[in-house]
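In case you want the letters, here they are:
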Amino acid sequence: MGIILSLLIAAVVGGVSFGYRTRRHAAFGAGLGLLGGSVILAAMGFCMFDAEAESTEAVLGVTLAAAFAWMFGAGSRAVLDQSGDGKAGGGFGDSEIRTGAYRLGWWWPWLLLSPTLIILVFFLYWPAIQTFRLSTKLTRLGAPRQAERCLGNFSELLVPNPFLVAALPLAAIGVMWGIGLWHRRANPDTWSFGVARTLRPFGIVFLLLALYFIFENENGGYRQIYLNTLIISVGTVALSMIFGLGLAYLSYQHIRGITVYRTLLIWPYAISPPIAGILFFMMFNATGGVVAAVASRWGIDLPDYTQNASLARFTIILASVWKLLGYNLLFFLAGLQTVPRDQIEAAALDGANAWQRFRRIVLPALGPIGFFLLITNLTYSFFDVYGTIDFLTKGAPAGATSVAIYELIRVGVDNGDLGRGAAQSVVLFLAVIGLTAWQFKQSEGRINYGGA
Amino acid sequence: MKRLLGLLAILAMLVAACSSGDSDDGPAATAEDPATIQMWIAFTDDARLGFAEDRAAEFNTNHPEYTVEVTAFDSYNTVFEQAQLAIDEGNPPEIIHFFEAATQEALDAVDADGNPIFKSVTEALDGRTEVLGEPVVLDDVVSAATKYYTIDDQLYSMPWNTSSTTMFSNMGILEAAGISEPPATWAEVEAACEAIMALPDAPSEGCITWPNHGWFYEQSLGQMGADLVNNGNGRDARATEIFLDSPEALSYMQWWSDLEQSGHYVYTGTQRDWDGSSAAFQAQNVAMLIFSSSDTTALTQAGVDNGFDVRSSYMPYNQDMSYEGNLIGGATLWMSNGLNTAEEDGALGFLNYFSNPDNAASWHQLTGYIPITNAAVSQLEGAGWYDESPNSAVASNQLDDAADTPASTGAFVGNFVAIRDVVTAAAEDILVNDVDVKERMGSAQTEAQQLLDDYNELYGE
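So the protein sequences, as listed, match chains A and B.
Just so we're aligned: the first sequence equals residues 1 to 452 in the numbering used here.
Just so we're aligned: the second sequence equals residues 1 to 461 in the numbering used here.
None of these hints come from the bench; they were simulated from the model.
Each residue gets a CB set at the ideal place from its N, CA and C atoms; glycine is no exception.
Hints are supplied without guarantee of correctness; some may be wrong.
Which bits of chain B does chain A cover? Going by a derived footprint, with three or more residues having C-beta under 8 Å, they are [unchecked claim]:
| # | region |
| --- | --- |
| 1 | 258-272 |
| 2 | 406-420 |
| 3 | 424-438 |
All chains should be modelled from the sequences, with the hints used to inform the complete structure.
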């Protein structure tokens, strides 16, 4: 029953993602979807539909089948577009190109690529596949045997209600899709287009909200981890980019000794995240901290940041922002040098004030750098923040600063529960992939890389 | 732009210089080179790592045919993890330092071929009274450690650093509040705290603190005679059920929570915060500290340095329950399985040299861990050490006073590290978020039982 349903869904997803311009296209896409869905389900032995499996596991199984169907469908479409339909063109197969390399044979570029490919396969793809495999097991280092968990390591992160798990993300995706459709269909001159355009970037909020409600909320549940990760990453990325840009703009002015200021501002970048943790610990620690000591001399009794969830999160954000600031500043400074001076001068002559010049010329020119920083900062706040947290709060108070990477290292490494740790790292992996893909989609056509 | 790039390059070099950690594990012992004995320990501080290195150097001088090499790791978990990886590669260290809570896991762990990764030290000694001329001291280990670590009538590993939980009081503050002896029971602690916090110059942070570590919870259960797990606290057979929310456990959590609510207990804010709680006591920001006896020497000295009298006493107990006494904590030295005779003798010889009466006594004096053999105890008594330093006798006496019951001996249970995490997380929730003790411990119980079930699914018969 579950198998039939998931394969049906896989076929539909395959057809949609491949493209259904003609009946033959649709049938081929459905076939691809069916193949993708059944490959992954068969590889796992259809375990999620067993009688003893949790019902949320079945929901996850259907999702998995649909995801693979989509990958097969959209992947094949991309390959076909590249090589035949003449839409994109310009790949290796392009017949016009007759450069030297091709006279040596088709294998020549592959040979040159092989060192990179070998490294990628052994150090990236193989461990990644192992992580996926581990995430379906219960296993420990040194254990005489393993136990199969199917999707249990994932389903226990979610609320034990299969209908909620299925319906909420679907509803959110529906809303996102609906807004997108509205945006595309609305007449650009009407107010409704304006509303749709403003709403479009907020579609993700519905998805984030849906995810919040499907993560388990009982003690030790994943919902708190999810919330912490969201607050700390958004806070870190937003503040570090805003302050980074602000400082870069200020230190781009021509003032005497500006190179000294710049060098001093970039400093924190050279310091590793755990050191940032120790520094802020030394400053804000309630017992022997510098800030507390100075404040108490002035008669101010500072609250202990480890006792208050908001303060603790803010301290982590502050330490991470401070750490990222130098890095962002460096790139924004480099970016500012590419802003065309003549345009700024022209704008100034036309009577644009400083803010208008910044908003209309500098900011758009910084788009590519900003987008790059958005991705790297997000990666930092998802992964590298571990060292800071470990030295500053260790997840306190009561888990309020335990983010996804901190929790997965606690479970997988400190407690030796490799399967659960792997499952959590898959969740984090999907989150990063998803967010990056969303950002790429959002920035489509908005970021001007200059040139032709 | 050029200058910026130059700056970038310098920064990159700096970062690379800072992050290039030393991952050198030293030369490995192979079959052709039986002389090298690798010892992996979990102490990185100068005092304790230095002690091990000095003993190794002495042993190497006395036995030129052997080279004992000490490698330090930052935690017990790291040592164990690294050792298991080394075992899988067929190149294990001969001696591995591992802590009491993971005894069950050390016994259960197997290599890729399904053989146990450690060999019983008793079995390897096979009744010998000396190895390489070093007298065997394994049979002289004090009863508290023997009692805890004996499995199937033998010691699988050589006990080393062994401590108990003791209380340290700032007698200056206590006497100012009219208290002449450190409180012995929970009720006395409450009364003392009332008096201390009523002082005009009461300690700035509060009255008492101790780290939020599962060990203190286990100690309190042991005192009240409550088993942590079934099957004779995991000693008659593999533990299958855990009792995190027993009435005894709830009484301890409730007392702790009430003490925090009244402002007497100071929570430093992070779990397992040994340094933070010790610092609060040393700065005289709290009057009393429940801690590991392993720091007796350092804490007493800190009092001398900062001008206050530190008195060590037994860990306070619940006066409304029976008292069975406290258990040990610490770690032992395990010997790898599958060594050849020469390697095994080298390892055994060093282990017995390492804890010979002189060395065991100086280890105790250096730290506050109990003297691990009876001979070391008599030697210290003979030298008048305990008269000179009465605080140092407290841990040994507390352990000797404990009843010989499973509860006061301590539990053997798989996945203990993760189970301790569940306890500390629940405690933190109770202390910080003021949640209901019974409810919170109930959900901790469910979580911990799941961890134990998982463990037994992998290791159980």
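Quick rundown of the hints versus the structure:
Residues of the region 258-272 of chain B with a Cβ under 8 Å from some Cβ of chain A number 6, which satisfies the need for three, so the listed coverage holds. Against chain A, the region 406-420 of chain B contributes 3 residues with a C-beta closer than 8 Å to a partner C-beta. That satisfies the three-residue criterion, and the hint holds. With 6 residues carrying a beta carbon less than 8 Å from a beta carbon of chain A, the region 424-438 of chain B meets the three-residue requirement, and the given coverage holds.
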